[in-house]
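*Asks:* In the order they appear, the protein sequences are chains A and B. Quick note on this note's numbering: the first sequence kicks off at 559 and runs consecutively. Quick note on this note's numbering: the second sequence kicks off at -10 and runs consecutively.
Just so you know, these hints were derived from the structure itself, not from any lab. A few of these clues could be false.
Computed beta-carbon distance windows for the label pairs [unchecked claim]:
no., chain 1, residue 1, chain 2, residue 2, range
1, B, PHE(-6), A, ALA852, 37 to 43 Å
2, A, ILE866, B, ARG332, 30 to 36 Å
3, B, ASP297, A, ALA869, 43 to 49 Å
4, A, PRO722, B, SER293, 57 to 63 Å
5, A, GLU748, B, ARG29, 29 to 35 Å
6, B, GLY395, A, GLU671, 34 to 40 Å
7, B, TRP157, A, ALA852, 24 to 30 Å
8, B, VAL214, A, ASP749, 49 to 55 Å
9, A, GLU671, B, ASP224, 41 to 47 Å
10, B, TRP157, A, PRO669, 33 to 39 Å
11, A, VAL703, B, ASP297, 30 to 36 Å
Below, a sample of chain A positions facing chain B; criterion: calculated Cβ distance under 8 Å [as the list claims (entries may be wrong)]:
no., residue
12, ILE612
13, HIS617
14, LEU620
15, VAL625
16, THR640
17, ILE866
18, ALA869
19, ALA873
Ideal Cβ placement from N, Cα and C applies to all residues, glycine included.
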Amino acid sequence: MTPDVLLAGVIAIALVLYTLTAGADFGGGVWALVARGRRAEDQRRVIGRAIAPIWEANHVWLILVIVLLFVGFPRAFAAITTALHIPLTLMLIGVVLRGSAFTFNAYDPQPGEGARRWSRVFAISSLLTPVALGVTLGAVSGGFVSDPATGLVETDFFHQWLAPYPFAVGLLTLALFVFLAAVYLVAEAEDPELKALFRRRGLVSGGLCGVTALLAYVAAEDGAPQILEGLRASSWALPLHLTTGLAAVVALGALATARDRLAKLAAMAQGALIVAGWCFAQYPYIAVPGYTIAGEAAPTDVLWPVLIALALGAALLVPTLVYLFVIFKVRPALEGEDDGH
Amino acid sequence: MTDLFAARAQMAFSLGFHIIFAVVGVAMPLLMVIAEYLYRRSGDGEYLELAKRWSKGAAIMFAVGAVSGTVLSFELGLLWPTFMAYAGPIIGMPFSLEGFAFFFEAIFLGIYLYGWERVGPRAHLASGIIVLISGSASALFVVCANGWMNTPAGYSMVEGELVSVDLWAAMWNPAALVEGLHMLTASFAAVGFAVAGIHAAMLLRGARRSFHSRALAIALSVGGVFAFLSPLTGDLAAQQVAELQPLKLAAMEGLWEDEAGAPLLIGGLPDEEAEVTRYGIEIPYALSLLATHNPHAEIQGIKSFPADERPPVAVTHIAFQIMVGCGTVMMLLAGFAGIQALRRRPIAAQPRLLRALVLASPLGVVAIEAGWTVTEVGRQPWIIYGVMRTAEAVTPMPGLVVPFAGFMLLYGVLGVAVVVLLRRQVFAAELGPLVQRGAELGAEVGASVSSSAAGSEVDHDA
Chain A
559 MTPDVLLAGV
569 IAIALVLYTL
579 TAGADFGGGV
589 WALVARGRRA
599 EDQRRVIGRA
609 IAPIWEANHV
619 WLILVIVLLF
629 VGFPRAFAAI
639 TTALHIPLTL
649 MLIGVVLRGS
659 AFTFNAYDPQ
669 PGEGARRWSR
679 VFAISSLLTP
689 VALGVTLGAV
699 SGGFVSDPAT
709 GLVETDFFHQ
719 WLAPYPFAVG
729 LLTLALFVFL
739 AAVYLVAEAE
749 DPELKALFRR
759 RGLVSGGLCG
769 VTALLAYVAA
779 EDGAPQILEG
789 LRASSWALPL
799 HLTTGLAAVV
809 ALGALATARD
819 RLAKLAAMAQ
829 GALIVAGWCF
839 AQYPYIAVPG
849 YTIAGEAAPT
859 DVLWPVLIAL
869 ALGAALLVPT
879 LVYLFVIFKV
889 RPALEGEDDG
899 H
Chain B
-10 MTDLFAARAQ
0 MAFSLGFHII
10 FAVVGVAMPL
20 LMVIAEYLYR
30 RSGDGEYLEL
40 AKRWSKGAAI
50 MFAVGAVSGT
60 VLSFELGLLW
70 PTFMAYAGPI
80 IGMPFSLEGF
90 AFFFEAIFLG
100 IYLYGWERVG
110 PRAHLASGII
120 VLISGSASAL
130 FVVCANGWMN
140 TPAGYSMVEG
150 ELVSVDLWAA
160 MWNPAALVEG
170 LHMLTASFAA
180 VGFAVAGIHA
190 AMLLRGARRS
200 FHSRALAIAL
210 SVGGVFAFLS
220 PLTGDLAAQQ
230 VAELQPLKLA
240 AMEGLWEDEA
250 GAPLLIGGLP
260 DEEAEVTRYG
270 IEIPYALSLL
280 ATHNPHAEIQ
290 GIKSFPADER
300 PPVAVTHIAF
310 QIMVGCGTVM
320 MLLAGFAGIQ
330 ALRRRPIAAQ
340 PRLLRALVLA
350 SPLGVVAIEA
360 GWTVTEVGRQ
370 PWIIYGVMRT
380 AEAVTPMPGL
390 VVPFAGFMLL
400 YGVLGVAVVV
410 LLRRQVFAAE
420 LGPLVQRGAE
430 LGAEVGASVS
440 SSAAGSEVDH
450 DA
């Protein structure tokens, strides 16, 4: 395997991990937004406690994606950030508001009107950011051509993203994040009433994943024919669809029958397969159709050292991340701990 | 407002905002770790309370630092795509390493902030130390990338195509290490003084003396030591600038004519029309001495460079004066406080010194902002010194004043919110523990600190 494809693969893996970790953090924010009724405060507390210790670490996958994109495929990165300036800026504002508002709410020593307002900002930005992220991902699936005269991407700053397909991908991203969050929260909530609530929500949002995936599939007819071609005709297409479908069925079935751990694993597999499927369908392009992995790759004397650094970094990082999740998600709390943030 | 100016303003504003939070993220772990170490060694519950209260304040700063740093990594592409298309791979190593350093920082910060009851005491302290190391490493790596913009190295281009890259040479370009060290020492000095100022203010208000004087001692020790180290690292940086960016040095000094045995200018207002700097106080030979360690060395003036390659001289010069001025005051104050400590005169009992520390608390941050203004404005009109102009690098996107205004508003609101929250934390935490000192203090705080809800109950009881 050539180093450029390897690096693209690492970016894809980082994107999958971002979806499975940070995606669920955003999804949790959406569930905080729709929390209503007698147990609304309890719901928000469970969500906050699930997110607090890990969201900053989860967020770093996004930085890694961006950095590796500009290190490995600089002109494609420049093309994407130029043409998608508007959705990316909106996404950034969402990222800033989500993280800040969450912390402001969690660390206000005098919970009151101010903290409630930040809690609302956190929830609303958790809803909008995944849509902007999905629009961006959807948009790179078509319409990226460079102007031979200037070498810059041809763009009016709108047409690449202001179309049905990117927005369908935006909705799919949101649905997937929300679904993952609900399934994780079933496992994390200790109160049976809240468990049942998140279980119902998991079933509903799992259904929404299916609907929005279908929507994206239909919109791809016009918006991303190359992606659709990959999803239909490639040798990997049928096995991918079958395993994704199987994972979805298992996830929903396990959720309905209260096998929470299985539901969580299956939902993670489903989320990973959806993102991986998109990445496979995108291959060999970074941005369709003008920017390919091979055509945009940085020189090999950049790619190999970066790949080696990534391998060494990962060797340290993986056990560390496992440690973090074991501490907060697996191991029971020691005596004397209260409900945290 | 032209699009280029809006882009520069947005970048400057985003950097200036992020730097404050980044600096706290780099230096605050040292203070927290010292306090926790002292608690583990002495069993003195006030040190534990201190570590926890500092970490609560730091948590807010960390979060805003993380997200505003994300904005910057995107803005490199959103505002300067042509620069990134050129330089992205070359500065790839420091950015990749920074990514990992940030990962470790975020992971162990999570463990540090939320793991008081979940990991053992040694693992907890070790987490703090890892946050400290990875935070410093992450800052150093980012500054390496900035150093490359000042002193590009380690690559060759043929007809606009990148043909070979030596990533290691690019990362450790001549400016990288000196710039990075100066930034790190300045960060610890700035945060030490900022925190010392807060506790000095609380002491002046008559708040719990035993607690705040412990806090003041740690913060001022760190701030003081680094206030002395910063001029030393600054000297290294200045020598590097003199050698490889002579025009930037001339602009910093407001020196227009070539001069052997050049004087150091204190103050002064550069007039860019008339090409002179007025009203400054000259210290003979001092500039040549500082820049090259030879009092008779010839220093190039601004006039020996083409007019279209000169940076805004007045901004660069004044920013440099502000940085040096702030650093000098901090050093003097640290020296005075150090003498008091050596003579065993408690600082907490000296209202005038406390008042001076309150006044001096923002100086380190001001110096850092001014220092970055020197580095960045002093490099103009280049985005890569001598290679690519800032105007060539900017995005073709029109209407950049809109995102600029948007981020100004966003960061303005966040800035106010952070100040309000930190004030509340300082004062709210002050009321709670007053009523429940004694042996159970540590356990009480342990339970209340990780929860705003429990914290408010404590207030209620008070």
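*Asks:* Evaluate each hint against the coordinates.
*Replies:* So, going through the hints one by one against the coordinates:
no. : hint                             : in the structure
1   : B:PHE(-6) - A:ALA852: 37 to 43 Å : holds, 38 Å
2   : A:ILE866 - B:ARG332: 30 to 36 Å  : violated, 55 Å
3   : B:ASP297 - A:ALA869: 43 to 49 Å  : holds, 46 Å
4   : A:PRO722 - B:SER293: 57 to 63 Å  : holds, 60 Å
5   : A:GLU748 - B:ARG29: 29 to 35 Å   : holds, 32 Å
6   : B:GLY395 - A:GLU671: 34 to 40 Å  : violated, 25 Å
7   : B:TRP157 - A:ALA852: 24 to 30 Å  : holds, 26 Å
8   : B:VAL214 - A:ASP749: 49 to 55 Å  : holds, 51 Å
9   : A:GLU671 - B:ASP224: 41 to 47 Å  : violated, 51 Å
10  : B:TRP157 - A:PRO669: 33 to 39 Å  : violated, 51 Å
11  : A:VAL703 - B:ASP297: 30 to 36 Å  : holds, 34 Å
12  : ILE612                           : holds, 6 Å
13  : HIS617                           : holds, 6 Å
14  : LEU620                           : holds, 7 Å
15  : VAL625                           : holds, 5 Å
16  : THR640                           : holds, 5 Å
17  : ILE866                           : violated, 10 Å
18  : ALA869                           : violated, 11 Å
19  : ALA873                           : violated, 11 Å
Hints 2, 6, 9, 10, 17, 18 and 19 from the list above are not met by this structure, while the remaining hints are.
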